[in-house]
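Chains as they are written, first to last, in our numbering: chain V, 1 to 341; chain D, 1001 to 1545.
FYI, nobody ran anything at the bench for these hints, they're computed from the structure. In this text the structure is predicted, and so the values were computed from the model without any measurement. Glycine included, each C-beta is placed from N, C-alpha and C at the ideal position. The reader is advised that the hints may include incorrect statements.
One-sided and incomplete, this derived list gives chain D residues near chain V with beta-carbon spacing under 7 Å [unchecked claim]:
(1) L1037
(2) L1040
(3) A1044
(4) G1050
(5) L1053
(6) V1060
(7) N1297
(8) Y1308
(9) A1471
(10) L1475
(11) L1478
(12) G1479
Which bits of chain V does chain D cover? Going by a derived footprint, with three or more residues having C-beta under 8 Å, they are [unchecked claim]:
(13) 241 to 252
(14) 259 to 271
(15) 279 to 290
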Amino acid sequence: MTAQSLSWLALWGATALYAIAMVASSMHLAKVADAKVAAKKQRSLVAAGSQDATAGESAASPASAFRRADVHSKARGIARSTMIMGALLQGVGVVARGIEAGHVPWSTMYEYTITGTWVAVVVFLVVQSRRDVSYLAPGVTGFATLGLGLAMTVLYNASTGLMPALQSFWLVIHVSIAIIATGILTVGAIATVLQLMRDYRDEPLSAVPTGGLRRLRVRWRNANVRILKGWNWLEGVPSPARLEALAFRLHAVGFVLWTFTVMAGAVWAEHAWGRYWGWDPKEVWSFVIWVIYAAYLHARTTQGWAGRRSAVVALIGFVALIMNFTVVNLVFQGLHTYSGT
Amino acid sequence: MARVKIDNYAYRDMPRLGLRGWLRWIWRQVTSMRVALILLLILALAAIPGSVLPQWPHSVSDTQAFIDEHEFWGPLLDRLGFLDVFGSAWFTAIYLLLFASLIGCIIPRVAVYWRELRAEVPAAPSRLDRYAPVTETSPLSPADAVAAARSELTGRGPAPWRWLTGHRVRVDERTGPDGAPQLALSAHRGHLRELGNLVFHLSLVGILLSVAAGSLLTYRGQALIVEGGSFTNAVVAYDTYSAGALFSEDDLDPWILTLDELDAQFEESTGRPTSFTAYATLTEPGQEPREVEAQVNRPIQVEGAKIYLQGNGYAPSFTITDSEGNVAFEGAVPFIPQDDVYTSTGVVKVPDVTEGEQMGFKGTLLPSALGEGADAISIFPDAENPVMYLQMYTGDLGLDEGVPQNVYTLDESQLSPVRDEDDEPVVLELTPGETVELPDGMGTLTWNDLPRYAAFDLRRDPSLPWLLGFAVTSLLGLGTSLFAPRRRVWVTAPTADAADAAATVVTVAVWSPPHDQGATLERDRALAAACDRPRPASIPPEDDE
Ligand code: HEM
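Let's have the full structure, built from the sequences with the hints guiding it.
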């Protein structure tokens, strides 16, 4: 088997495994949600003084003892093993692509996507090995399935040699850190989305005022809150405060790495083009992304912005990150347009 | 009075502030922080048009085409600065405002930080109940228990490290909330974080100043050297030259660069370039000549400046004699590559003829020609089968008017193509080494050989080391500011029943932002020290909610 077909098969295999992991982890999340609701009910029964035997048993453990790690289901085992196998297979696929191409596998959009989604999954698995964040699994596997699927069907191109401008140590540094940052910020964005969903789910519906535009806005909001209230699986994710703490940690790491990416890019540009910054579209967007995440960090510590609004700023940053990689690569002209072909 | 803490913006659980503290807090946060946040968002938004619309500094022709194409919007956007976003007044205003806000914010914070470092940390709150305290009975006496917790909290290792990573601690003897005497320890950590934050923001100012200084002190020029030729660093020698307002031309070092060889490698099957290397000899004043190499990613370093290999191409060399048999022209003429296979075009101007009209030639070079006559194309960038087509003109080259002329185009206003008997323009076809007779006995033209040339971009920017330095400090500051913890730990132990030394009830509480995973561990370690137990090693598993 050639490296090319090995890479191809391994990546399709990983895509399929992630799809299975996505379904299984969603089922597990629903089960955690049920268990959590049941535990809550029981606690309140105990608190109400019920001397029922089963309730008495559970009262022996402290009130806060619900642990998602204690919820076992077949789905959990399937999700975990398919995800790990998927990550291993994808690793093989990425490395084989690198061998086939004869250079690091992140010089075209296709390569960037297969490596970036892989990093997102690995970041998740690393965090997961320290604390149970299985509630992020449906989002991460969903993202990876979609990204890989798109890469294999739309973005795929046969490997080619590198043009002279890309043959640099700085390509390895700059782009690899960019991909790692992207992977981490992706997981952070997923945590942030869950944070906002949980947050609005816990909201009461607001009274609809009579004013025209405000009325529409409140209606729209209520409709969304109602949908979120219908999604019981959201009980399975932690409280908004906890999700925000996790998202912040991920964003902080991602932001430092992105800062490094931008700086390494400037050093590379200095070497290759004789100017460290030229407001090339790619540079503009890297800057925009950096500034938005800086705004997020400020928003977190600003009254009235902490919590929801800063979460929205972080998501805008993520949208810009994805834009930088898609629209900017494909549409805008600039020195960086190597990435398309 | 409680003093202002630098870091209690949005966390409601913080110790209370006094009135002056509140005023200051309001001034600092509501004005600066929010303004900074909004300016940052505006800055991000304002940068986007610079990637969507064509920009003057990037491409004059694209931008002009855009203006011509959009009769209404083009000139309007141009007038409003959208076609040079990063040089526009409004973009400049936004970032200058942001930096004004940054400086206005950072200077008071440096002062506050300096005062805080030298002041004692605030005493422990009288009640710890709000901070989820843990309690344990210690075998040590109250004084020993608190002393043990203190040495745990002040940190480990040699002095600067301990100072940077440990807590600042104070211990009071006081009356507890229940009226009984107690020892109360208060430990604060966060000075490293704040230091990182200040370093980060100050480095941003440093970066801005370096960029500004760089644009004043820089110079940049382009020069083209044919293999075997050389270049002396002086303003007149450059094809284009530009310099910052504070750079004087007298500061140019008169070094000499000789291009020995330009090596271009292409993939055999596809013709894609794989590497370009310029081998050159550099002679700096008062020094032995030395061999240097430039590649696309590896500039040549010369005293304070860098020489980048920016482009390359062919520079066919010709000898042209006139009707009298005198040599009217001799030398290499750079041709500009037009496509990936180096189909190149250029012009030869022959003003110095002994007699008759001036001559001009428009040439097309096919490095690896395939086919005949007008249908010939080049199939590979290397010179495997070079063929040259020259169209000949006679008349006035227009060189005497003193108007600077583009060396790559012929001014055809006073020239006419030479025609043969059938009234077709004469096109000379030749290969290297070949000599052809010019029509009507006007002389001969010899294509001697086909050297390559290298286009160099030269740049001196003395701000670069500063930029790099500030970039590094900003990154270090950022990392410290985001990852160094900010915590308060409080330990209390009642001293009333000191007689019963085996039963000191130690209470420990901690405050930290919610994302700080290590805070509980810190609390448990302080408690363990106070109770003379071994240090807990790792973070206990978290409960879910
Ligand atoms: C050029 C504009 C600015 C940029 C790019 C910027 C960037 C950042 C970044 C990336 C952070 C998060 C990392 C850290 O904690 O050090 C931060 C934090 C901070 N910035 Fe700025 N900043 C700017 C202007 C300002 C201004 C004008 C203020 C004045 C209010 C300010 C006050 C702060 C404060 C207080 C923090 C700490 C937040 C915390 O406790 O986590 N910054 N800044």
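Here is what the structure says about each hint:
1. L1037: This interface hint holds because 4 Å falls under the 7 Å limit.
2. L1040: 4 Å, holds
3. A1044: With a closest approach of 4 Å, the A1044(D) hint holds.
4. G1050: Hint on G1050(D): holds, closest Cβ of chain V at ~5 Å, below 7 Å.
5. L1053: The hint is violated - L1053(D) has no Cβ within 7 Å of chain V, the shortest such distance being about 10 Å.
6. V1060: 14 Å, violated
7. N1297: At about 4 Å, which falls below the 7 Å cut-off, the nearest Cβ of chain V leaves the hint on N1297(D) intact, so it holds.
8. Y1308: Cβ of Y1308(D) sits 4 Å from chain V, so the hint holds.
9. A1471: 5 Å, holds
10. L1475: This interface hint holds because 6 Å falls under the 7 Å limit.
11. L1478: Hint on L1478(D): holds, closest Cβ of chain V at ~6 Å, below 7 Å.
12. G1479: 5 Å, holds
13. 241 to 252: Answer holds; 8 residues pass the 8 Å Cβ test.
14. 259 to 271: Answer holds; 8 residues pass the 8 Å Cβ test.
15. 279 to 290: Held - the stretch 279 to 290 of chain V has 7 residues with a Cβ nearer than 8 Å to chain D, which meets the minimum of three.
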